[in-house]
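With full-length UniProt numbering, the residue at position 28 of the sequence shown is 28, and numbering never jumps.
By construction, these hints were calculated from the structure, which means they are not laboratory data.
Check the hints yourself; a few may be wrong.
[What the hints assert, rightly or not] Straight-line Cα separation of at most 25 Å, SDA-like style, residue types lysine to any residue; simulated pairs: (1) K241 with Q176; (2) K221 with L356; (3) K295 with R238; (4) K138 with I297; (5) K277 with I289; (6) K8 with L44; (7) K60 with F42.
[As the list claims (entries may be wrong)] Distance ranges between label pairs, derived from CB positions: (8) V7 with P37: 22 to 30 Å; (9) K5 with E129: 14 to 22 Å; (10) K196 with S66: 20 to 28 Å; (11) P37 with S86: 15 to 23 Å; (12) Q59 with K275: 45 to 53 Å.
Glycine included, each C-beta is placed from N, C-alpha and C at the ideal position.
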Amino acid sequence: MKAKKEVKEVIYRHLTLSGTSYEIGKMEGEFLKKYHPEEVQFFLEGNDWFRPVTDASLQKAMDIFSKYCPYINEEIQGFAESLGVSAKQILYYGFSYVSTGNCSHFTVHPDRVADGHMYVGRSYEWNDEDDFRLITTKAEGVYAHIGFSLLLLGRFDGMNEHGLCVTMSNAVPMEQSEEEGLRFWMVIRILLDQCKTVEEAVGLIKELPISSYCNLIIADKNNHAVLAEICNSTKTFRAIKEGETHSVDVQESVRDTYVCSTNHYTLPGMEDCVKNKMNHSVYRYQAMIRGLEEKDILDRDDFMNILTKHTPEGLACHYYEEWLGTLWSMLFDITNLTIDICFGSSVVNKWYTFDLNTEPGVREYLGILPLEKADNIMWQRV
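Take these sequences, add in the hints, and give me the full structure.
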């Protein structure tokens, strides 16, 4: 008889918030106290991933917020008051947080998609004690958006009311930049709050001071998309293009019609930034290329297959104890302003469809995490 595979069950929560930025911050604090009291301690003491941040860095961050996103300062103020701490303390521990996650994401020009829609696929991998929160925010003065949160204030990914979609992957795993500037999770939040188009987002990325090693894929309803590889002040971009979709040489015809990314840099000009590149990142990158170059015209099922197949054939991973387990998968339909989301690996969990029309409140979803062991070769550096 086969041994039963060990699994873990986790609760994901979808939080919908509406009001002023200050009011939303207060609601976030109350949510944290009710559902995640252990995380309140993070903003008091930090955790194992804590790295000290200087007062000068904190002041720089507050100055950046005041210039680029003053409403974030208001949200932090409400959040801090709810927790009974200072706004400076929220920033101190928030900006000391070492970026995490082993992610994969891709997008394809609609010329190569059967229904002509703009899709973005995304898979987020880490361990089984991460931030299991999906947040819809409808704040006054900024664009409504939906995405998974990091420390409640930041975003791992998301799509806003105008169809701007932003996804990310860590480009240098387990390294934290020492430069002054915005962490990736606040950059994504600002783009979702303020930008309608890829052009606007790229312009803002070029302007923002960024302290992060990350790869962003940004797409919009105009069928534009770009891969942005960011190593602090070094920022390189590659856009997808329209082109021939029916060619004898599929490899050549599709080369510029998609972008994809995992946990290493790939664009020309970023060679000096490559660090901690591992086999598991290469395997997932190659899986996306195979899936996206398999045929001229793709459809939703093809994208779902990439997300659902177990690595190395696809992106799904179950190595939670080794920091490489799929916590959520997403397929953004930017044309329809909807997102299909699977909480946990889509090998064993069902998909749900979301939009921006949910009412305020908290909804819960159960995720099943199969616990497997990875081969050591996955962690070899290349």
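Status of each hint after checking the structure:
1. Between K241 and Q176, the direct Cα distance comes to roughly 33 Å. Violation of the 25 Å bound is thereby established for this hinted pair.
2. Among the hinted pairs, K221 with L356 is consistent with the structure: their alpha-carbon atoms are about 15 Å apart, no more than 25 Å.
3. For the hint pairing K295 with R238, the CA-to-CA distance comes to about 22 Å; that is within 25 Å, so the pair holds.
4. The straight-line distance between the Cα atoms of K138 and I297 is roughly 36 Å, outside the 25 Å bound, and the hint therefore fails.
5. Annotation: proposed proximity of K277 to I289 holds, straight-line Cα distance about 18 Å (limit 25 Å).
6. Under the criterion of a C-alpha separation no larger than 25 Å, the hint pairing K8 with L44 is inconsistent with the structure, at around 29 Å.
7. The hinted pair formed by K60 and F42 meets the criterion: a straight-line CA distance of about 22 Å does not exceed 25 Å.
8. Taken as a hint, the range 22 to 30 Å holds for the pair V7 and P37, whose Cβ atoms sit roughly 26 Å apart.
9. Judged by the Cβ atoms, the range 14 to 22 Å given for K5 and E129 holds: they are separated by roughly 20 Å.
10. At roughly 23 Å, the beta-carbon separation of K196 and S66 lies within the given 20 to 28 Å, and the hint holds.
11. A hinted range of 15 to 23 Å for the beta carbons of P37 and S86 is consistent with their spacing of about 19 Å.
12. Against the hinted window of 45 to 53 Å, the Cβ-Cβ separation of Q59 and K275 comes to about 29 Å, which falls outside the hint.
Hint compliance for this structure: hints 1, 4, 6 and 12 are not met, and every other hint is.
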